[in-house]
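First to last, the protein sequences are chains A and B. First residue of the first sequence: 1, per the numbering used here; consecutive thereafter. First residue of the second sequence: 1, per the numbering used here; consecutive thereafter.
The set of hints was computed from the structure by calculation and includes no laboratory data. Note that the coordinates shown come from a computational prediction; the quantities given were computed from them, not determined experimentally. All residues carry an ideal CB built from backbone N, CA and C; glycine is no exception. Keep in mind that the hints are not guaranteed to be accurate.
Stated by the list, open to error - Computed footprint of chain B on chain A; a stretch qualifies when at least three of its residues, placed anywhere within it, have a C-beta under 8 Å from a C-beta of chain B: (1) 127-137; (2) 149-159.
To be verified - Not everything, but these chain B residues come out facing chain A in the computed CB check (under 8 Å): (3) Thr217; (4) Asp219; (5) Gly220; (6) Leu224.
What the hints assert, rightly or not - Now the in silico label distances, taken between C-beta atoms and shown as ranges: (7) Glu106(B) to Glu173(A): 37 to 45 Å; (8) Glu173(A) to Asp122(B): 54 to 62 Å; (9) Glu427(B) to Glu173(A): 33 to 41 Å.
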Amino acid sequence: MTDDPIAAARADDRHTLTEAEGKRLLAGAGIETPPFAVCETAEEAVEAAEEIGYPVVLKVSSPSVTHKSEWGGGAGVTVGVTSAEGVRTAVERIFETATEQDIDADVLVEAAMDVDAGTEVIVGGLRDPSFGPVVLTGLGGVFTEVFEDTSHRIAPIDHAEARAAIEELQAAELLAGYRGSEPADIEALAEVVATVGDLVTDNPIAELDVNPVLVSADGAIALDALVVLDSDSAVDREGGTAAAEVDR
Amino acid sequence: MTLQQMFDPAAVAVVGASATEGKIGYEAMANAVEFDGPVYPVNPSGEGRLFGEAFVDSVTDIEDDVDLALCCVPGAATPEVIEECGAAGIGAAVIYAGGFAEAGEEGERLQEAVVAAADRHDVSLLGPNTSGFVVPERDLLCSFASGAEKLPAGNTAVIAQSGGVAHALAFQSRRQGRGVSAMVGLGNRANVGFTETIDYFDGDDRTDAIVLHVEGTDDGRGLLEACRASETPVVAYKVGQSDVGAFAESHTGALTGDHELYTAGFAQYGVPTVDATDDLLDAAAALADSPAPAGPNVGVVTAQAGPGIIISDRIQRGGGRLPELSSETQQRVDEILTGVTYTGNPVDTGRPMPAFGDVVTAVAEDDGVDIVLVYELYEQAMGFPVEALSGLAERVGKPILFSTDGIEEDMADDLSALADAGVPVFETPERAADAAAVLARYAGMAGPAAGQEVVADD
Numbered sequence: 001m002t003d004d005p006i007a008a009a010r011a012d013d014r015h016t017l018t019e020a021e022g023k024r025l026l027a028g029a030g031i032e033t034p035p036f037a038v039c040e041t042a043e044e045a046v047e048a049a050e051e052i053g054y055p056v057v058l059k060v061s062s063p064s065v066t067h068k069s070e071w072g073g074g075a076g077v078t079v080g081v082t083s084a085e086g087v088r089t090a091v092e093r094i095f096e097t098a099t100e101q102d103i104d105a106d107v108l109v110e111a112a113m114d115v116d117a118g119t120e121v122i123v124g125g126l127r128d129p130s131f132g133p134v135v136l137t138g139l140g141g142v143f144t145e146v147f148e149d150t151s152h153r154i155a156p157i158d159h160a161e162a163r164a165a166i167e168e169l170q171a172a173e174l175l176a177g178y179r180g181s182e183p184a185d186i187e188a189l190a191e192v193v194a195t196v197g198d199l200v201t202d203n204p205i206a207e208l209d210v211n212p213v214l215v216s217a218d219g220a221i222a223l224d225a226l227v228v229l230d231s232d233s234a235v236d237r238e239g240g241t242a243a244a245e246v247d248r
Numbered sequence: 001m002t003l004q005q006m007f008d009p010a011a012v013a014v015v016g017a018s019a020t021e022g023k024i025g026y027e028a029m030a031n032a033v034e035f036d037g038p039v040y041p042v043n044p045s046g047e048g049r050l051f052g053e054a055f056v057d058s059v060t061d062i063e064d065d066v067d068l069a070l071c072c073v074p075g076a077a078t079p080e081v082i083e084e085c086g087a088a089g090i091g092a093a094v095i096y097a098g099g100f101a102e103a104g105e106e107g108e109r110l111q112e113a114v115v116a117a118a119d120r121h122d123v124s125l126l127g128p129n130t131s132g133f134v135v136p137e138r139d140l141l142c143s144f145a146s147g148a149e150k151l152p153a154g155n156t157a158v159i160a161q162s163g164g165v166a167h168a169l170a171f172q173s174r175r176q177g178r179g180v181s182a183m184v185g186l187g188n189r190a191n192v193g194f195t196e197t198i199d200y201f202d203g204d205d206r207t208d209a210i211v212l213h214v215e216g217t218d219d220g221r222g223l224l225e226a227c228r229a230s231e232t233p234v235v236a237y238k239v240g241q242s243d244v245g246a247f248a249e250s251h252t253g254a255l256t257g258d259h260e261l262y263t264a265g266f267a268q269y270g271v272p273t274v275d276a277t278d279d280l281l282d283a284a285a286a287l288a289d290s291p292a293p294a295g296p297n298v299g300v301v302t303a304q305a306g307p308g309i310i311i312s313d314r315i316q317r318g319g320g321r322l323p324e325l326s327s328e329t330q331q332r333v334d335e336i337l338t339g340v341t342y343t344g345n346p347v348d349t350g351r352p353m354p355a356f357g358d359v360v361t362a363v364a365e366d367d368g369v370d371i372v373l374v375y376e377l378y379e380q381a382m383g384f385p386v387e388a389l390s391g392l393a394e395r396v397g398k399p400i401l402f403s404t405d406g407i408e409e410d411m412a413d414d415l416s417a418l419a420d421a422g423v424p425v426f427e428t429p430e431r432a433a434d435a436a437a438v439l440a441r442y443a444g445m446a447g448p449a450a451g452q453e454v455v456a457d458d
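With the hints as constraints, model all of the structure from the sequences given.
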């Protein structure tokens, strides 16, 4: 596997990065992600889970699957797996479903994060036809569509502008700590927002959804990443420094 | 491309000029001849003279350095006319006709043909599908609308995507006793759009503020970067918060973009936005006639509590702050006027009195105040504190806005004295408060915008 996830996807003539590729892209740009491994067999997955430490989350990893949690009647994502046996069961379900659907699939093994320990935020990047790269910040989780609590910026932006975008949110009060809860690390979130803006600016990315980013007192960590490449391959590849530097 | 030939021409040609009243070729000519330079009627079927000048068959027959052509011909004839203009060395043209990009595929092809002709000869095109532009100070009335000749000269440049909105804004500015340095309806923006006009009027000595009416543009980033590069303050009114997409497309051939992106982008690039035409002009008056505010802190002096409360409420909702006055200022106010109703902020004097101007001065000199807003109902015996207000804004380096009400005839002399002193005046407490809030928002944006100039050059 190449070090540059965007080049890898391009080489396969794909417009969508797998979650693992997306996370490598983020990690290479300095955004924290949970420890993870992409495995081709159940034994590899067990080994990875032992190394990462239980509990783990198991997810289908395939360019053919965009919406993992809706895939295969729930086979796509198994959370809170605490044993080698659990890993094997979940992995076999993924491979069986993939065989039924006649697609190639691997398994993503990832450290489970306690989502109750923080606030879920969406950070999105987009290449707008009239404004070019833009970055969006919003309250995540089930409330996203109800409250439509989002703020926009034209990318690239610096750290201070990213902070201002976060402070515009109604959810800023949640992040600042309420009823005695610890204030979230807004500096770390601002860094994610600014970095997503840079990634969309510097790479041929049509859309980049980091959903959710879990923000807590301990920092901001990207729990999922969806990257859709620009179908217009004329976008300047030389500007793609962030992608080229990806290396874990 | 410079727009010098468009907005500061030596001579003008009216192509399709007509002797028939009511025709666009007549109305445009009737307005154009107000210009203090030569204006030539062009029409192969025209005979004799029109407004004293002999008809010529083509712009190429004019033996003079014409800079600007006003095209009063049907859309289909426009590419050829632009071609001739180019051959004659005319560098700018206004195209009034519709039926171009806003009218479907065939219109798009016609517009492409016009742009191609213009590109060959480096001709700047205003329109098509516009009612044109007006530069009052030069009596340059390149609009076929009636009343264009009555627009007073002022220091705000109006740049509207719609010619109709451009005129509406210009007429409003006249009613408000302000006027415009220029009024421009962009129409379809074939090759002159927001970026080119913002750039031009930023360099125009007569212009101290630029206002934008925006429906939508496919070069949103270019628009924002032109705004940020402008040293002249810009205020924008972005229309289309709810879904008016299809109607707007039929209007100027542009899809309205994501409203939130525009609003966020304008703020990010140092441009306060408003939601109404009159707010746009009020904001421009506040910005054009005042020193740049250093911060969002508004000191309010009111002779009546009720309007003062409306103002206080509205400023804060609009993004301004009402800081406590310093104890020195409060003491000063107390000494000027013992038993004053309220000396926090606002300072409420109860009613205008001879020392009203001293109270305003004390608040203006408070270090915690960045912007001053004064409200008083007119009292004939008292008049306005013109002497105290005259030069005060420059001396303290802060915007000082004034708002009042009363009988127009009674106030007329005092109001014109305030106007002469360069004090922006607003007719209602709401409009004054909104203008102060725009200044407050502008102050908040100016800092970061200035720091990002490197990015604008990317």
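*Quick one, is the Thr217(B) hint okay against chain A at 8 Å, beta carbons?*
holds, 6 Å
*Are Leu224(B) and chain A close enough, Cβ to Cβ, to be under 8 Å, as the hint says?*
Hint holds; Leu224(B) Cβ to chain A Cβ min 6 Å, cut 8 Å.
*Do the numbers back the hint for Gly220(B), that is, is its least Cβ distance to chain A under 8 Å?*
holds, 4 Å
*Taking 8 Å as the C-beta cutoff, is the stated coverage of the region 149-159 of chain A by chain B satisfied by three or more residues?*
As far as the region 149-159 of chain A goes, the hint holds, because 8 residues have Cβ atoms under 8 Å from chain B.
*asked:* Quick check on the hint: Asp219(B) CB to chain A CB, less than 8 Å?
replied: holds, 7 Å
*For Glu427(B) and Glu173(A), compare the CB-CB distance with the range 33 to 41 Å and indicate the outcome.*
For Glu173(A) against Glu427(B), whose Cβ atoms are near 38 Å apart, the range 33 to 41 Å holds.
_C-beta pair Glu173(A), Asp122(B): status relative to the range 54 to 62 Å that was hinted_ = Holds, since Glu173(A) and Asp122(B) (Cβ atoms, about 56 Å apart) stay within the stated range.
*Do three or more residues of the region 127-137 of chain A come closer than 8 Å to chain B, measuring C-beta to C-beta?*
holds (count 6)
_Quick check on a hinted range of 37 to 45 Å for Glu106(B) and Glu173(A), using CB atoms only._
At 55 Å between Cβs, range violated.
Hint compliance for this structure: hint 7 alone is broken.
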